[in-house]
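**Q** So the chains spell out like this:
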Amino acid sequence: AQSVTQLDSQVPVFEEAPVELRCNYSSSVSVYLFWYVQYPNQGLQLLLKYLSGSTLVKGINGFEAEFNKSQTSFHLRKPSVHISDTAEYFCAVSGMDSSYKLIFGSGTRLLVRP
Amino acid sequence: KAGVTQTPRYLIKTRGQQVTLSCSPISGHRSVSWYQQTPGQGLQFLFEYFSETQRNKGNFPGRFSGRQFSNSRSEMNVSTLELGDSALYLCASSAPGQGTYEQYFGPGTRLTVT
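Quick mapping for you: the protein sequence lines, in order, are chains H and U.
At position 67 of the first sequence (counting the first as 1) the number is 67 in our numbering, and the numbers step up by one without a gap.
Remember, our numbering sits 1000 above the position in the second sequence when you count from 1.
Read the hints as simulated data drawn from the structure, not as lab findings.
On a predicted model such as this, the values are computed, not experimentally measured, just so you know.
With the C-beta cut set under 8 Å, the calculated list includes, among others, these residues of chain U facing chain H:
no., residue
1, Ser1031
2, Ser1033
3, Phe1105
Built from N, CA and C at the ideal position, the CB exists for glycine as well.
Bound conformation, chain H alone:
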């Protein structure tokens, strides 16, 4: 079984400042890792994913994440945020044995202030 912990329910940040959204996971099997973003009244959009290979993964909209196996973490970062990045961000994992069953964290609301 897998579980995902997003420690911060809300992260306020000023425009053009850097941001890090934290994600830790627990699993008894190897996993794939994902970050999704949800804008108000919309579905989820994939930001980036880690399947294998380089532990630093780059995604859309200038986001990147680093997979750390020893710390079981997959933190999301952006060097300079924009007002339009205000949204809910979800970290998710899927076991390699059940790849289309996503287990989500509780989400982090990123609030970008001018």
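Please arrange chain U on chain H, whose structure you already have, making use of the hints.
**A** Just chain U now, kept in the frame of chain H:
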């Protein structure tokens, strides 16, 4: 390509009734997954269908069921609705076999049970 479509977008039902939600995946995608999103429980996996067969199932009561048709369109049904079934129901499609494990989400159906 057109994205994942879900109908209806909004639905109001009375406790004890049943409801059917529909999902049309991206053309060529044969896997469809369903998720329930609530403020209290977050995003939870309901089930996944591939080639008309249920491959994975989440921890939901038997009142929640689904099916997939030969054209990959999927429906989920909730019988004997309870107030706690009020949620955003998200459908996601993917193309197994391409090694990407990406799931593309629809905008969701917001179900309100009164």
